[in-house]
Amino acid sequence: MGKRTPLYKLHVDAGARIVDFGGWDMPLHYGSQLDEHHAVRREAGAFDVSHMTVVDIEGDGAGDFLRHLLANDVARLQQRGKALYSCMLTPDGGIVDDLIVYFLEPGRYRVVVNAGTRDKDMAWIESRAKDFDVTVLERGDTAMIAVQGPRARERAASALPAALREQALALQPFSAAEAGAVFVGRTGYTGEDGWEIVVPASEGCTYWQKFVAAGIRPCGLGARDTLRLEAGMNLYGTDMDETTSPLESGLAWTIAWDPAGRDFVGRKALEAQRGSGKLQRFVGLVLEGRGVLRNHQKVVVAGLGEGEITSGGFSPTLERSIALARVPAGDYDRAQVDVRGKLLDVRIVKPPFVRNGRATVAV
Amino acid sequence: MSELPGDLLYTSEHEWLRKEDDGSITIGITDHAQAALGDLVYVELPEVGQEVTAGGEMAVVESVKAASDVYSPLSGEVIAVNDELADDPQKINSDPYGDGWIARVRPEGESEETMTPDEYQEFLDELED
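Here the protein sequences line up with chains A and S, keeping their order.
Counting in this note's numbering, the first sequence runs from 1 upward without gaps.
Counting in this note's numbering, the second sequence runs from 364 upward without gaps.
This is chain A alone, in the form it adopts within the complex (with noise of 0.2 Å):
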């Protein structure tokens, strides 16, 4: 048995099929993955991501600790409730997870991380804190509820405390509000509007059920994978880990290199490997005829050598299989898959593939 989130017992009630994820018993869907994925490209689905670890940095230190720890610069974060997506290094530049960061107010900063890396996340965080005026507090009180979807802020937002709810109808994308111990974050891992939400665990279930209740499907991991595919939005373990550095990763973005005295763990690394030339590409492909890409398989590049699948899957939106890949260096838009013994045909793309319910890739 894993470990359960305060709202496991109402997704066995719902008939979820249950599978492990990193340690966690979550629900992999209710009945139809697609008809959920679909619910939330359309309308507004829930999604469980208590197992997500929590965790405040408090402190005086706590903007220069996070200006150490973290590849992207918390100093970007001028107003209240700004939130951040970075990544988190080792010295080397491999990459320890992703995480989103909320700039609550000075001093108080709120980070998001994966649920798989949660032991070694909180110990090299905890080790890096050494240095720095700031207390570590992870939060294994809360519950944690994703409404995702273009109907899916109107839809909860009924079910927040009046306190909280005009400020959170408000909020622009990649912020967020907290009245009490609700925090509701503009956020997400779909490719669509919608919110984050975390609140007391105990009070995780009246939450949810109030969700359903106002019209909000029930969306397991299964559909949560497939959105964050077609969203062209990495998974930690899957498109990149200790190994890989956020300039192989389609993350280059994410790395503030200015100001250029600001020394974050892994920027030395990364310096030397921007320098270095020759990057593999990380991209998107389009399988042009029938069939599914799947987690490494061998992309052919003709005259360049080979790449990898990192993530690959079906488009429920596009109706196509989609990718995301690490293949080699150099100029080109078509390269080719081996699935199954045979070579197929792709077409390499800029993802997303799907943002706001659109396909933004031809197909």
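There could be a bad hint or two in this list.
[Said to hold, decoys possible] The calculated PhoX-like cross-link candidates involving lysine-lysine, where the alpha carbons are at most 25 Å apart (straight line), are:
1) S:K428 with A:K9
2) A:K298 with A:K350
3) A:K342 with A:K298
4) S:K454 with A:K298
5) S:K428 with A:K3
6) A:K350 with S:K428
7) A:K210 with A:K9
8) A:K120 with A:K3
9) A:K350 with A:K278
10) A:K278 with A:K268
11) S:K454 with S:K428
12) S:K428 with A:K342
The set of hints was computed from the structure by calculation and includes no laboratory data.
With the hints as your guide, set chain S onto chain A.
The following block gives chain S in isolation, referenced to the frame of chain A:
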């Protein structure tokens, strides 16, 4: 789980067989198999006229989750395939014993061991434990 159709035979690879009046055998995958795979998004069918061998690969069904081989429970010649699966693979999810059939084979020679509905139900019950 729904009741197993009584007029079919089953294999340990979760395929079903139905003997037709003309002596041919229609083959599909069971409700248990489709549920374990999840929503199907692609089916690679054999070709009509193709020879298949008992225990050999006959088709590939791919779900949102994974690709899975469908093994032929008998040797023979493929005399029909369910072309509608190319555009609507989810027929296997919605009607695994009916519209979701995969291929029809004219038996020639050996076949894999099969189970009656009761035996297959017992087999499934043991898997659950």
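Against the structure, the hints come out as follows:
For the hint linking K428 of chain S to K9 of chain A, the alpha-carbon distance of about 24 Å falls within 25 Å, and the restraint holds. Distance hint between K298 of chain A and K350 of chain A is fulfilled; the C-alpha atoms sit about 19 Å from each other, no more than 25 Å. With a C-alpha separation of about 11 Å, the suggested pairing of K342 of chain A with K298 of chain A holds against the 25 Å cut-off. A distance of roughly 31 Å separates the Cα atoms of K454 of chain S and K298 of chain A; the hinted pair therefore is violated under the 25 Å criterion.
A threshold of 25 Å between alpha carbons decides the hint, and for K428 of chain S with K3 of chain A the separation of about 23 Å falls inside it, so the pair holds. With a C-alpha separation of about 24 Å, the suggested pair K350 of chain A and K428 of chain S falls inside the 25 Å cut-off, and the hint holds. Between K210 of chain A and K9 of chain A the CA atoms are separated by roughly 16 Å; this keeps the pair inside 25 Å, and the hint holds. About 17 Å separates the Cα atoms of K120 of chain A and K3 of chain A, which keeps this hinted pair within 25 Å; it holds.
A threshold of 25 Å between alpha carbons decides the hint, and for K350 of chain A with K278 of chain A the separation of about 18 Å falls inside it, so the pair holds. Pair hint K278 of chain A plus K268 of chain A holds up; C-alpha atoms about 18 Å apart against a cutoff of 25 Å. Pair hint K454 of chain S plus K428 of chain S holds up; C-alpha atoms about 17 Å apart against a cutoff of 25 Å. Taking the CA atoms of K428 of chain S and K342 of chain A, the gap is about 20 Å. The hint holds against a cut of 25 Å.
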